[in-house]
Amino acid sequence: EVKLLESGGGLVQPGGSMRLSCAASGFTFTDFYMNWIRQPAGKAPEWLGFIRNKANGYTTEYNPSVKGRFTISRDNTQNMLYLQMNTLRAEDTATYYCARGVGYNYYFDYWGQGVMVTVSS
Amino acid sequence: EIVLTQSPNTMAASPGEKVTITCRASSSVSYMYWYQQMSDASPKLWIYDTSKLASGVPDRFSGSGSGTSYSLTINTMEAEDAATYYCQQCCSTPFTFGSGTKLEIK
Numbered sequence: 000e001v002k003l004l005e006s007g008g009g010l011v012q013p014g015g016s017m018r019l020s021c022a023a024s025g026f027t028f029t030d031f032y033m034n035w036i037r038q039p040a041g042k043a044p045e046w047l048g049f050i051r052n053k054a055n056g057y058t059t060e061y062n063p064s065v066k067g068r069f070t071i072s073r074d075n076t077q078n079m080l081y082l083q084m085n086t087l088r089a090e091d092t093a094t095y096y097c098a099r100g101v102g103y104n105y106y107f108d109y110w111g112q113g114v115m116v117t118v119s120s
Numbered sequence: 024e025i026v027l028t029q030s031p032n033t034m035a036a037s038p039g040e041k042v043t044i045t046c047r048a049s050s051s052v053s054y055m056y057w058y059q060q061m062s063d064a065s066p067k068l069w070i071y072d073t074s075k076l077a078s079g080v081p082d083r084f085s086g087s088g089s090g091t092s093y094s095l096t097i098n099t100m101e102a103e104d105a106a107t108y109y110c111q112q113c114c115s116t117p118f119t120f121g122s123g124t125k126l127e128i129k
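From first to last, the protein sequence lines are chains U and G.
Just so you know, we're using the working numbering here: the first sequence kicks off at 0 and counts up by one.
Just so you know, we're using the working numbering here: the second sequence kicks off at 24 and counts up by one.
Since the hints were made in silico from the structure, they are not lab data.
From a predicted model like this one, the values you see are computed outputs, not experimental measurements.
Where is the CB? At the ideal position from N, CA and C, for every residue including glycine.
There's no promise every hint is true.
[Stated by the list, open to error] Derived contacts from chain U toward chain G, CB cut-off under 7 Å, selection only:
#1 W46
#2 E60
#3 Y96
#4 Y105
#5 G113
[Said to hold, decoys possible] Result set (BS3-like, lysine-lysine): computed pairs, CA atoms no more than 27 Å apart in a straight line:
#6 G/K75 <-> G/K41
#7 G/K75 <-> U/K42
#8 G/K41 <-> U/K2
Start from the sequences and build out the full structure, keeping to the hints where you can.
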């Protein structure tokens, strides 16, 4: 059974940093692209970026809305995905999900339960 | 960036009623994807490759479309179908989602 479990959310001050983690299990982690997606309360999801699989060299791609502030990484020995978020703003307040990406025509077949990040003083 | 416009934003349907949700893309895409999100839960893949039902999705659901116009249809509405549905485009980064359609039961 595929499982994705995020952790590390909470309250952070504007301008601060936070690192989210996602523990993956139930599949061969290195075979898949992995994504971070966020969703402000009552709004649509927003794709933040992905990190490619082993076959594609674990390279990353980001949404321009967060490029330069957010960094996605993975530890393939521990089946962990990370999101490092810097210079946080109030508008970064959202539920953050990790999701597995699949397909040449790309979509997200499994999502974690999400973790809440609140940016406020 | 490809913008997806969903309609309607909200709707209510009676049990047994036929429901159609549309998603229009600002540029042509090869396929469309749909997710169902229940209150306080994460989105679930619902329809992939425009018309294929994800595992466990009842066959009263269907998807169709091409180019810039896609739709999700529920043949006969049931209470358990009340949720928010989002479309997602596959085909150019940044991958984008529609604004969602909140479907309620009458």
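Per-residue hint verdict: U/Y105, partner chain G, C-beta under 7 Å: Holds, about 5 Å.
Evaluation of the interface hint that places U/G113 against chain G, nearest CB under 7 Å: holds, 5 Å
U/Y96 as chain G interface residue, shortest Cβ-Cβ below 7 Å: holds, 6 Å
Interface hint for U/E60, Cβ within 7 Å of any Cβ on chain G: holds, 6 Å
Hinted pair G/K75 and G/K41, Cα distance within 27 Å: Holds. G/K75 to G/K41 sits at ~19 Å (cutoff 27 Å).
Chain G contact restraint for U/W46 - C-beta distance below 7 Å: Cβ of U/W46 sits 4 Å from chain G, so the hint holds.
Given pair status - U/K42, G/K75, alpha carbons within 27 Å: Given that 27 Å is the threshold and the Cα spacing comes to 26 Å, the pair holds.
Restraint check for G/K41 with U/K2, where alpha carbons must lie at most 27 Å apart: Violated, because 34 Å separates the two Cα atoms, which is more than 27 Å.
Violated hint for the displayed structure: number 8, the only one.
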